[in-house]
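Visitor: Sequences listed follow chains V and L, in order. For the first sequence, our numbering assigns the number 28 to the initial residue and increments by one for each residue that follows. For the second sequence, our numbering assigns the number 3 to the initial residue and increments by one for each residue that follows.
Since the hints were derived computationally from the structure, they do not count as laboratory data. Fair warning: this is a prediction, and the values are worked out from it, not measured in the lab. A couple of the hints might just be wrong.
Stated by the list, open to error - Below, computed lysine to any residue pairings styled on SDA-like, alpha-carbon distance capped at 25 Å:
no.: 1; chain 1: V; residue 1: Lys-82; chain 2: V; residue 2: Lys-100
no.: 2; chain 1: L; residue 1: Lys-59; chain 2: V; residue 2: Thr-127
no.: 3; chain 1: L; residue 1: Lys-59; chain 2: V; residue 2: Phe-91
no.: 4; chain 1: V; residue 1: Lys-100; chain 2: V; residue 2: Ala-28
no.: 5; chain 1: L; residue 1: Lys-13; chain 2: L; residue 2: Glu-104
no.: 6; chain 1: L; residue 1: Lys-13; chain 2: V; residue 2: Tyr-59
no.: 7; chain 1: V; residue 1: Lys-82; chain 2: L; residue 2: Glu-61
no.: 8; chain 1: L; residue 1: Lys-59; chain 2: V; residue 2: Asp-53
no.: 9; chain 1: V; residue 1: Lys-82; chain 2: V; residue 2: Ser-69
no.: 10; chain 1: L; residue 1: Lys-72; chain 2: V; residue 2: Thr-127
no.: 11; chain 1: L; residue 1: Lys-59; chain 2: V; residue 2: Ser-69
no.: 12; chain 1: V; residue 1: Lys-100; chain 2: L; residue 2: His-43
no.: 13; chain 1: L; residue 1: Lys-55; chain 2: L; residue 2: Glu-16
no.: 14; chain 1: V; residue 1: Lys-100; chain 2: L; residue 2: His-26
no.: 15; chain 1: L; residue 1: Lys-59; chain 2: V; residue 2: Gln-84
no.: 16; chain 1: V; residue 1: Lys-100; chain 2: L; residue 2: Lys-13
no.: 17; chain 1: L; residue 1: Lys-55; chain 2: L; residue 2: Thr-22
no.: 18; chain 1: V; residue 1: Lys-105; chain 2: V; residue 2: Asn-89
no.: 19; chain 1: V; residue 1: Lys-105; chain 2: L; residue 2: Pro-41
no.: 20; chain 1: V; residue 1: Lys-105; chain 2: V; residue 2: Thr-127
no.: 21; chain 1: L; residue 1: Lys-13; chain 2: V; residue 2: Ile-73
no.: 22; chain 1: V; residue 1: Lys-100; chain 2: V; residue 2: Pro-68
no.: 23; chain 1: V; residue 1: Lys-82; chain 2: L; residue 2: Phe-106
Said to hold, decoys possible - Reference listing, derived: stretches of chain L covered by chain V, where coverage requires no fewer than 3 residues with Cβ under 8 Å from a Cβ of chain V:
no.: 24; stretch: 12-24
no.: 25; stretch: 63-70
no.: 26; stretch: 78-91
no.: 27; stretch: 106-113
Claimed, not checked - Just a sample of chain L residues kept apart from chain V, beta carbon distances all over 10 Å, derived:
no.: 28; residue: Gly-5
no.: 29; residue: Thr-28
no.: 30; residue: Thr-73
Even for Gly, the Cβ is constructed at its ideal location relative to N, Cα and C.
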Amino acid sequence: AQTVTQSQPEMSVQEAETVTLSCTYDTSESDYYLFWYKQPPSRQMILVIRQEAYKQQNATENRFSVNFQKAAKSFSLKISDSQLGDAAMYFCAYRSPGATNKLIFGTGTLLAVQP
Amino acid sequence: DAGITQSPRHKVTETGTPVTLRCHQTENHRYMYWYRQDPGHGLRLIHYSYGVKDTDKGEVSDGYSVSRSKTEDFLLTLESATSSQTSVYFCAISDHGKVNTEAFFGQGTRLTVV
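Just need the whole structure built from these sequences, with the hints factored in.
Guide: What follows is the structure in structure tokens.
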């Protein structure tokens with residue numbers, strides 16, 4: 028069975044600085060999808076960025092980028108120019124390419140942004 | 003924003019009582035899911051549905067049942083609530099047949115069993 032591990036329960040970053048959140052996963056599949064979701068205090072789950080395993084190029088969305096290392100089964104999220112609104116819980120998630128679209132989540136990293 | 007509505011948003015219930023949470027979507031997505039979120043565990047899949055009257059168990063399905071009689075509604079029932087079922091419950095939807103489709107989540111329901 029696939030598993031997702033986030034080893035940093037909490038992180039802190041200064042406003043305008045860069046922070047990297049770690050995620051590793053375990054799978055025997057060669058094709059899959061990886062996601063980072065953000066959960067602010069409002070509780071809403073917001074998709075931040077996604078990566079297809081068959082793509083070698085790392086995904087980027089504005090200030091958010093990933094470092095996808097397929098061989099190492101690592102999928103870290105880098106947040107550049109951190110803003111106060113980035114403070115949230117961040118979840119890494121894995122999805123198999125099968126039709127059911129089920130997501131497997133990590134335990135989350137709580138990010139604090141210091142002014 | 004995807005049209006997903008969970009009801010109720012908050013509920014306090016007593017141990018041993020039945021509880022039903024409702025998820026309603028206006029997106030006509032085929033797949034619907036119920037997750038629970040607990041500190042230290044992230045989100046874990048309870049049950050999911052891949053069509054009307056088609057459901058299957060997730061990793062933490064014990065003590066829960068689901069029903070989907072219409073495309074737009076997915077109900078989660080706790081037959082006899084226990085304190086271990088105190089949690090935040092999320093409904094999610096996703097489309098079928100699209101590569102790399104993302105899941106859209108409802109606002110969550112905070113359930114407290116006393």
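Visitor: Just to be careful, I want the Cα atoms of L:Lys-72 and V:Thr-127 compared with a cutoff of 25 Å; is the pair within it?
Guide: 18 Å, holds
Visitor: When you check the alpha-carbon spacing of L:Lys-13 and L:Glu-104, does it fall within 25 Å?
Guide: 28 Å, violated
Visitor: Assess, step by step, whether the Cα of V:Lys-105 is no farther than 25 Å from the Cα of V:Asn-89, and give holds or violated.
Guide: 11 Å, holds
Visitor: How does the coverage statement for the stretch 12-24 of chain L fare against chain V, requiring three or more residues with Cβ below 8 Å from a Cβ of that chain?
Guide: violated (count 0)
Visitor: Taking the closest pair, is the beta carbon of L:Thr-28 still more than 10 Å from chain V?
Guide: 17 Å, holds
Visitor: Compare the distance between the alpha carbons of V:Lys-100 and V:Pro-68 with 25 Å, and conclude whether the hinted pair is satisfied.
Guide: It is violated: about 30 Å lies between the C-alpha atoms, which goes past 25 Å.
Visitor: When you check the alpha-carbon spacing of L:Lys-55 and L:Thr-22, does it fall within 25 Å?
Guide: 17 Å, holds
Visitor: Holds or violated: are the alpha carbons of V:Lys-82 and L:Phe-106 at most 25 Å from each other?
Guide: 23 Å, holds
Visitor: Taking beta carbons only, do three or more residues of the stretch 78-91 of chain L come closer than 8 Å to chain V?
Guide: violated (count 1)
Visitor: Starting from V:Lys-100, check that the Cα of V:Ala-28 is at most 25 Å away, please.
Guide: Within the cut-off at roughly 14 Å; holds.
Visitor: Within 25 Å, alpha carbon to alpha carbon, are V:Lys-82 and L:Glu-61?
Guide: 29 Å, violated
Visitor: Quickly compare the C-alpha distance for V:Lys-82 and V:Lys-100 to 25 Å and report which way the hint goes.
Guide: 14 Å, holds
Comparing the model with each numbered hint stated earlier shows that hints 3, 5, 6, 7, 9, 11, 13, 14, 15, 16, 20, 22, 24, 25 and 26 do not hold.
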